[in-house]
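Chemist: Sequence:
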Amino acid sequence: MERLDKLLAATGKWSRKEAKALIKAGRVRVEDRLPKGPEDKVEEGSLVTVDGRPIFTEKYVYLMLHKPAGVISATQDAKEKTVLDLLPKDLRRKDLFPVGRLDKDTEGLLLLTNDGALAHALLAPGRHVDKVYYTKVDGDLEEDDVAAFAEGITLGDGTVCLPAGLDLISEREALVTLREGKYHQVKRMLASRGKPVVYLKRLGMGKLKLDPTLPAGAWRPLTPEELADLGR
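Numbering of the sequence shown is given in my numbering, commencing with residue 5 and proceeding in unit increments.
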């Protein structure tokens, strides 16, 4: 339980004094009820709105982002636009970070959270969480490529990649399923087959799938069903 004024101030949008003024002005509701005052205690996860807009009150935040090309998977950078720059200021103050990374020119699913335990569960090498990508390549994909992926590819620098899935959609399109996350892995594996990647988009990470209605650059909180799939 947390004082309502303190909870609002913790979002970074208002000072404690401003939060008290909002509450006294009747602009704040908790579960669609007017609070008695700034000292009211609010349970974590309660629906709190200011002027009808929901405010995040949970300890942990889980967001699905459709990462666009041209944005880097980092929390801050002096020169480049980061995935956190796509969020409103109140969410940037929640210590969020991307779970894993996508290359600057790669689009698709990116989970943003402040739950370190979940990030470890999804990224730990021993967990072998499937990551699914849609790709277009320069060159014709063949069954020999499918077999090579299934066997496991050794890259030119000696890096050994675990067996992976390559499901052909057309001669130049495929779904790639990895169970690890080496540096530029999809691009390097396909380049080793003489089929350089010209477009790459992550569609899934474990049970979490990219919402097909979410446009590039947009984000939304995970649904209760998605959280349950992640064990949250």
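Please keep in mind that the hints were generated in silico from the structure rather than gathered at the bench. It is possible that some hints are incorrect.
List of simulated lysine-lysine pairs, DSS-like, C-alpha gap at most 25 Å [what the hints assert, rightly or not]:
{"no.": "1", "residue 1": "191", "residue 2": "85"}
{"no.": "2", "residue 1": "93", "residue 2": "63"}
{"no.": "3", "residue 1": "191", "residue 2": "108"}
{"no.": "4", "residue 1": "83", "residue 2": "63"}
{"no.": "5", "residue 1": "211", "residue 2": "191"}
{"no.": "6", "residue 1": "83", "residue 2": "140"}
{"no.": "7", "residue 1": "108", "residue 2": "85"}
{"no.": "8", "residue 1": "108", "residue 2": "28"}
{"no.": "9", "residue 1": "83", "residue 2": "108"}
Pairwise CB distance ranges (calculated) [claimed, not checked]:
{"no.": "10", "residue 1": "50", "residue 2": "158", "range": "48 to 58 Å"}
{"no.": "11", "residue 1": "143", "residue 2": "51", "range": "47 to 57 Å"}
{"no.": "12", "residue 1": "203", "residue 2": "134", "range": "14 to 24 Å"}
{"no.": "13", "residue 1": "161", "residue 2": "93", "range": "36 to 46 Å"}
{"no.": "14", "residue 1": "86", "residue 2": "174", "range": "45 to 55 Å"}
{"no.": "15", "residue 1": "43", "residue 2": "129", "range": "14 to 24 Å"}
{"no.": "16", "residue 1": "217", "residue 2": "160", "range": "32 to 42 Å"}
{"no.": "17", "residue 1": "163", "residue 2": "25", "range": "56 to 66 Å"}
C-beta: ideal position from N, C-alpha, C; glycine also.
Chemist: Take the hints in turn and mark each one as holding or not.
Modeler: Evaluated hints:
For the proposed pair residue 191 and residue 85, the alpha carbon gap of about 23 Å is at most 25 Å, so the pair holds. Between residue 93 and residue 63, the direct Cα distance comes to roughly 17 Å. Compliance with the 25 Å bound is thereby established for this hinted pair. Between the alpha carbons of residue 191 and residue 108 the distance comes to roughly 13 Å, so the proposed pair stays at or under 25 Å and holds. Between residue 83 and residue 63 the alpha-carbon distance is near 30 Å, which puts this suggested pair outside the 25 Å criterion.
Between residue 211 and residue 191 the alpha-carbon distance is near 23 Å, which keeps this suggested pair within the 25 Å criterion. Between the alpha carbons of residue 83 and residue 140 the distance comes to roughly 29 Å, so the proposed pair goes past 25 Å and is violated. Restraint check for residue 108 and residue 85: satisfied, since their Cα atoms lie roughly 10 Å apart, inside the 25 Å limit. For the suggested pair residue 108 and residue 28, the alpha carbons sit about 46 Å apart, so the restraint of at most 25 Å is broken.
A threshold of 25 Å between alpha carbons decides the hint, and for residue 83 with residue 108 the separation of about 13 Å falls inside it, so the pair holds. Restraint check, residue 50 to residue 158: a C-beta distance of roughly 53 Å satisfies the suggested window 48 to 58 Å. In this structure the supplied range 47 to 57 Å holds for residue 143 paired with residue 51, their Cβ-Cβ distance being about 52 Å. A hinted range of 14 to 24 Å holds for the C-beta pair residue 203 and residue 134, which are about 20 Å apart.
A beta carbon spacing of about 42 Å between residue 161 and residue 93 agrees with the range 36 to 46 Å that was offered as a hint. Between residue 86 and residue 174 the CB atoms are about 34 Å apart, so this pair departs from the stated range of 45 to 55 Å. Taking 14 to 24 Å as the suggested C-beta distance range, the pair residue 43 and residue 129 does not conform, at roughly 48 Å. Range check, residue 217 to residue 160: Cβ separation about 40 Å, and the 32 to 42 Å hint holds.
In this structure the hint that residue 163 and residue 25 lie 56 to 66 Å apart at CB holds, the actual value being about 58 Å.
Consistency note: the structure conflicts with the earlier hints numbered 4, 6, 8, 14, 15.
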